[in-house]
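K.L.:
Okay, here's what each chain looks like letter by letter:
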Amino acid sequence: DSGVTQTPKHLITATGQRVTLRCSPRSGDLSVYWYQQSLDQGLQFLIQYYNGEERAKGNILERFSAQQFPDLHSELNLSSLELGDSALYFCASGDRGGSVSDEQFFGPGTRLTVL
Amino acid sequence: AQKITQTQPGMFVQEKEAVTLDCTYDTSDPSYGLFWYKQPSSGEMIFLIYQGSYDQQNATEGRYSLNFQKARKSANLVISASQLGDSAMYFCAMRESLYNFNKFYFGSGTKLNVKP
Numbered sequence: 006d007s008g009v010t011q012t013p014k015h016l017i018t019a020t021g022q023r024v025t026l027r028c029s030p031r032s033g034d035l036s037v038y039w040y041q042q043s044l045d046q047g048l049q050f051l052i053q054y055y056n057g058e059e060r061a062k063g064n065i066l067e068r069f070s071a072q073q074f075p076d077l078h079s080e081l082n083l084s085s086l087e088l089g090d091s092a093l094y095f096c097a098s099g100d101r102g103g104s105v106s107d108e109q110f111f112g113p114g115t116r117l118t119v120l
Numbered sequence: 489a490q491k492i493t494q495t496q497p498g499m500f501v502q503e504k505e506a507v508t509l510d511c512t513y514d515t516s517d518p519s520y521g522l523f524w525y526k527q528p529s530s531g532e533m534i535f536l537i538y539q540g541s542y543d544q545q546n547a548t549e550g551r552y553s554l555n556f557q558k559a560r561k562s563a564n565l566v567i568s569a570s571q572l573g574d575s576a577m578y579f580c581a582m583r584e585s586l587y588n589f590n591k592f593y594f595g596s597g598t599k600l601n602v603k604p
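Going line by line, the protein sequences match chains A and B.
Note that our numbering has the first sequence beginning at 6, numbered continuously upward.
Note that our numbering has the second sequence beginning at 489, numbered continuously upward.
None of these hints come from the bench; they were simulated from the model.
All values reported here derive from a predicted model rather than from experimental measurement.
For each residue, glycine too, the CB sits at the ideal point set by N, CA and C.
Don't take every hint at face value.
[To be verified] Label pairs and their computed distance ranges (CB to CB):
hint	chain 1	residue 1	chain 2	residue 2	range
1	A	THR20	B	THR548	16 to 24 Å
2	A	THR25	B	ARG560	25 to 33 Å
3	B	SER568	A	ARG23	41 to 49 Å
4	B	ASP514	A	GLN72	44 to 52 Å
5	A	SER104	B	ASN546	17 to 25 Å
6	B	GLN496	A	SER85	33 to 41 Å
7	A	SER104	B	ARG560	23 to 31 Å
8	B	GLU505	A	THR25	29 to 37 Å
9	A	GLY89	B	LYS558	44 to 52 Å
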C-alpha cells in the first residue's frame with residue numbers, strides 16, 4: 006500500500022459526459038501528479054500540483070482540468086468525454102524532501118471506460 | 489528527442505535466470521535521478537530502484553540492480569534469479585533537478601515474461 010488513495014476504482018460512463026477523479030496523497034507529500042495510461046501504453050504526464058499551485062503541465066487536453074485543495078487532495082475533471090479517453094488514470098504523490106531523488110508513490114489508479 | 493527510451497517492447501526469460509532491461513535517457517542537466525517502476529497485470533505501479541547522477545556506485549535493491557553507465561546515458565535494470573512474479577511491465581523514468589524539476593519522464597515500458 007503506497008498510502009495514496011484514488012476513488013473511484015472503476016468508472017463507466019458515456020461519451021459527452023463529465024467525470025471527476027479524486028486523489029489523496031500520502032501524508033506529508035505536497036505534490037500530486039496525474040498520469041494517463043491508455044491500453045498497453047506508457048504513462049502520459051498530465052499535470053502536477055504542489056501545495057495547491059499548478060507547477061507543471063504535460064499533454065493535458067483542454068477538456069481536462071485539475072485542482073489541488075487546501076487539504077492537498079486533488080481532483081481531475083474530465084469533460085465532453087470521448088471514446089479515446091478510456092484509460093487508467095493514475096495519481097502519484099511525492100516531493101516531501103524537494104530533492105531530485107524523491108520518488109513518486111502511485112495510487113491504485115482509476116479505470117475509466119467511456120462507452 | 490525522447491527523454492527516456494526503452495527499446496525492448498517485450499522480453500522472455502527463463503525462471504531463475506538473470507535478465508537485463510534496457511533504458512537510455514537524454515538530458516543536459518548535470519543532476520538528475522533515474523527510477524525504475526514495475527507494473528504487474530493488476531495495474532499498480534511499484535517503485536523498484538533509484539540511481540542518482542552523482543552516485544558513484546550502481547544502485548542495488550535485493551534482486552534488482554541498476555547498471556548505470558553515465559557516459560552512455562544508460563540505466564539498465566538487472567533482475568537476478570528471475571521469478572514468475574517478476575512477469576510485469578517495467579518502466580524507466582527520469583527526473584531532472586534544474587530543468588523541468590516537476591516532471592517525471594517515463595519510457596514506453598518493457599513487458600517481461602518469466603517462463604517456468
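K.L.:
Lying within 44 to 52 Å: is that true of the beta-carbon distance ASP514 (chain B) to GLN72 (chain A)?
P.N.:
Roughly 32 Å apart at Cβ, these two residues miss the hinted range, so it is violated.
K.L.:
Can you tell me whether the CB distance of SER104 (chain A) to ASN546 (chain B) sits inside 17 to 25 Å?
P.N.:
This hint holds: roughly 20 Å between Cβ atoms.
K.L.:
Indicate whether the distance between the beta carbons of SER568 (chain B) and ARG23 (chain A) respects the range 41 to 49 Å.
P.N.:
Holds - the Cβ-Cβ distance for SER568 (chain B) and ARG23 (chain A), about 48 Å, lies within 41 to 49 Å.
K.L.:
Taking the CB of GLY89 (chain A) and the CB of LYS558 (chain B), does the distance hold inside 44 to 52 Å?
P.N.:
violated, 39 Å
K.L.:
A range of 23 to 31 Å was offered for this pair. Does it hold for the Cβ distance of SER104 (chain A) and ARG560 (chain B)?
P.N.:
holds, 25 Å
K.L.:
Confirm or reject the claim that GLU505 (chain B) and THR25 (chain A) have a C-beta distance inside 29 to 37 Å.
P.N.:
The hint (29 to 37 Å, Cβ to Cβ) is violated, given that GLU505 (chain B) and THR25 (chain A) are roughly 46 Å apart.
K.L.:
I want to verify a distance hint. Is the separation of the beta carbons of THR20 (chain A) and THR548 (chain B) within 16 to 24 Å?
P.N.:
Given about 48 Å between the Cβ atoms, the range is violated.
K.L.:
Indicate whether the distance between the beta carbons of THR25 (chain A) and ARG560 (chain B) respects the range 25 to 33 Å.
P.N.:
Taking Cβ atoms as reference, THR25 (chain A) and ARG560 (chain B) lie about 44 Å apart, which means the hint is violated.
K.L.:
Does the Cβ pair GLN496 (chain B), SER85 (chain A) satisfy 33 to 41 Å?
P.N.:
holds, 37 Å
Hints 1, 2, 4, 8, 9 from the list above are not met by this structure, while the remaining hints are.
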